[in-house]
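Under the numbering used here, the residues of the sequence shown are numbered 1 to 218, in order.
Keep in mind that the hints were calculated from the coordinates and are not lab data. Worth double-checking, as some hints may not be accurate.
What the hints assert, rightly or not - DSS-like cross-link-like pairs, simulated, lysine-lysine; straight-line CA separation at most 25 Å:
id	residue 1	residue 2
1	Lys40	Lys10
2	Lys186	Lys6
3	Lys131	Lys186
4	Lys156	Lys10
5	Lys40	Lys127
6	Lys10	Lys131
As the list claims (entries may be wrong) - Computed beta-carbon distance windows for the label pairs:
id	residue 1	residue 2	range
7	Leu187	Glu216	24 to 30 Å
8	Ile158	Gly55	34 to 40 Å
9	Asn28	Val181	35 to 41 Å
10	Leu187	Glu41	36 to 42 Å
For glycine and all other residues, C-beta sits at the position ideal for the given N, C-alpha and C.
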Amino acid sequence: MNTLSKWENKVWLTLGDSITEFDQTFYNGVFLRGYQTIMKETMGFAEYINRGVSGKTMTANDEGSTHVVGEAQNLNNIDVITIFAGTNDYKLNKPIGSLGAIGDTEFDTFTFYGAYRSLLENLLTRKPTIKIYLWTPLQRDNAGYDVNYINPAGHKLIDYVNAIKAVGQMYAVPVLDLYSVSGITKLTLNTYTWDGLHPNNNGYERIAEIAKGFMEVN
């Protein structure tokens, strides 16, 4: 007997940065099958909408941000959203700020907490039944920013990871901690990425495998 995935014929919105955007593109002359392509094939999504934008932070900036992209998205036909952000906030030295408390009505979107909360408040207010998953950044070693470096805002990458976990707990939405469970570390970055940051096809396969298992049971 065939068992259908709970995502069969659902529509999936993916928010994020270049790691999300680069699905179905060429990088260093190689065609990339991003995590979306792989997961659509194995999980039965009717379609996915890729709203990843290279270089974007979650935190507000003069060039736009992930929270603005998400808040502008029409949700009428969307069943599930994944938010895969944070590595650019670390690299571009964005302040994390304060978490605040549930019930807050004003958010400082120039902080990581404020922007992330603004996005979730917007999505869940507009469509309370929508399923949302938060994905933490992967470990990295690129442009001097690795897991040990403290950026000029005073944060390590793990601090953004922990902030995402705190936001997920506040809004009772599942958090996939790719920083901790992906198997992508300084020891394996050459296998799974092009440059210590952007996944190659091995990396996308790895992300998709882990995310599929997580989303099927959460």
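Now for the hints, and whether the structure bears them out:
no., hint, result
1, Lys40 <-> Lys10, "10 Å, holds"
2, Lys186 <-> Lys6, "35 Å, violated"
3, Lys131 <-> Lys186, "32 Å, violated"
4, Lys156 <-> Lys10, "36 Å, violated"
5, Lys40 <-> Lys127, "23 Å, holds"
6, Lys10 <-> Lys131, "11 Å, holds"
7, Leu187 <-> Glu216: 24 to 30 Å, "28 Å, holds"
8, Ile158 <-> Gly55: 34 to 40 Å, "22 Å, violated"
9, Asn28 <-> Val181: 35 to 41 Å, "27 Å, violated"
10, Leu187 <-> Glu41: 36 to 42 Å, "29 Å, violated"
Comparing the model with each numbered hint stated earlier shows that hints 2, 3, 4, 8, 9, 10 do not hold.
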